[in-house]
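Chains as they are written, first to last, in our numbering: chain A, 12 to 161; chain B, 12 to 161.
Any given hint could turn out to be false.
Heads up, the list lumps identical chains together, so a pair's fine if it works in one copy or across two of them.
[Said to hold, decoys possible] 25 Å max Cα-Cα, derived SDA-like pairs, lysine to any residue:
(1) 158 / 17
(2) 89 / 153
(3) 158 / 99
(4) 158 / 143
(5) 89 / 104
(6) 89 / 69
(7) 158 / 39
(8) 89 / 106
(9) 89 / 125
(10) 89 / 24
Rather than coming from a laboratory, the hints here were simulated on the basis of the structure.
Below, each chain spelled out in residue letters.
2 protein chains.
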Amino acid sequence: MTDLSIRPATADDLPAIVAMLADDPLGATRESPNDLTPYRTALARIVADPHQHLVVAVRAGRTIGTLQLTLIPGLSRKGSTRTIIEGVRIHSDERGTGLGTDLLQWAIDTSRDLGADLVQLTSDATRTDAHRFYERLGFVASHLGFKLAL
Amino acid sequence: MTDLSIRPATADDLPAIVAMLADDPLGATRESPNDLTPYRTALARIVADPHQHLVVAVRAGRTIGTLQLTLIPGLSRKGSTRTIIEGVRIHSDERGTGLGTDLLQWAIDTSRDLGADLVQLTSDATRTDAHRFYERLGFVASHLGFKLAL
Numbered sequence: 012m013t014d015l016s017i018r019p020a021t022a023d024d025l026p027a028i029v030a031m032l033a034d035d036p037l038g039a040t041r042e043s044p045n046d047l048t049p050y051r052t053a054l055a056r057i058v059a060d061p062h063q064h065l066v067v068a069v070r071a072g073r074t075i076g077t078l079q080l081t082l083i084p085g086l087s088r089k090g091s092t093r094t095i096i097e098g099v100r101i102h103s104d105e106r107g108t109g110l111g112t113d114l115l116q117w118a119i120d121t122s123r124d125l126g127a128d129l130v131q132l133t134s135d136a137t138r139t140d141a142h143r144f145y146e147r148l149g150f151v152a153s154h155l156g157f158k159l160a161l
Numbered sequence: 012m013t014d015l016s017i018r019p020a021t022a023d024d025l026p027a028i029v030a031m032l033a034d035d036p037l038g039a040t041r042e043s044p045n046d047l048t049p050y051r052t053a054l055a056r057i058v059a060d061p062h063q064h065l066v067v068a069v070r071a072g073r074t075i076g077t078l079q080l081t082l083i084p085g086l087s088r089k090g091s092t093r094t095i096i097e098g099v100r101i102h103s104d105e106r107g108t109g110l111g112t113d114l115l116q117w118a119i120d121t122s123r124d125l126g127a128d129l130v131q132l133t134s135d136a137t138r139t140d141a142h143r144f145y146e147r148l149g150f151v152a153s154h155l156g157f158k159l160a161l
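Here chain A stands alone, though its shape is the one from the complex:
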């Protein structure tokens, strides 16, 4: 098996990333894989912000995973910095291969390198398999996650 590489996402990765976002029970109704224009605009915003780390996992030239890590300085917990993980997706052919663990471990290690004291994420209440996965990595489901669409 070829080595896995985890590197910053570029515009060339957008078709593969958006296909993964759309290939999902929740994402299927929320994404537009046939029109990448809004994603190109969004990628430019992400790349312009040094506290955003949008990465892809690549093996043998195939983009097979993605996540976004955001660094947030804060006052609470004695001025702790935290990271937030969003948009975790693993290609459907690659689930169960340990790729998710590798990608999350990258996010945890990078959070530590960036000086964070805490890593957090939210997961839709319906994604029970994902919850078990995060708990195996040491995450604790101590919070409720609230969303308000504008």
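Take the given structure of chain A and dock chain B to it, following the hints.
Coordinates of chain B only, in the frame set by chain A:
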């Protein structure tokens, strides 16, 4: 009653903010109100990041509330930008006065002004009063919030 003002936090607000962070069942064990040094360092990090909006609510010269709003560009949901609200605190003398609603409404309005499509926050599972408060404002508790201390 004097008008409420919501404005960016400065170093002069730190004693009042940290006192509010510490005057809380969870914060009591996590904060150091007698040593503001780590908070001063953290405030410098927050102020240096244009996507962080740490504000205080002030009435009649008293700092009576605080929250931090973070703007996060992303790819999912057709390149949506979201905001995250952290560190919401209302002075114990001011609870039940509608100040929390005013402060959250400021965060929602500012999120819209900043071009966000979604506002999200997490709340410790034990804070059941806060959950009802967020639901009254239109937030939906659709997610679980996971944390990993580093």
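Tested hints:
no. : hint      : in the structure
1   : 158 / 17  : between (30 Å within a copy, 23 Å between copies)
2   : 89 / 153  : within (20 Å within a copy, 29 Å between copies)
3   : 158 / 99  : both (18 Å within a copy, 15 Å between copies)
4   : 158 / 143 : both (22 Å within a copy, 13 Å between copies)
5   : 89 / 104  : between (43 Å within a copy, 23 Å between copies)
6   : 89 / 69   : between (38 Å within a copy, 23 Å between copies)
7   : 158 / 39  : within (19 Å within a copy, 27 Å between copies)
8   : 89 / 106  : between (38 Å within a copy, 24 Å between copies)
9   : 89 / 125  : within (17 Å within a copy, 28 Å between copies)
10  : 89 / 24   : between (38 Å within a copy, 15 Å between copies)
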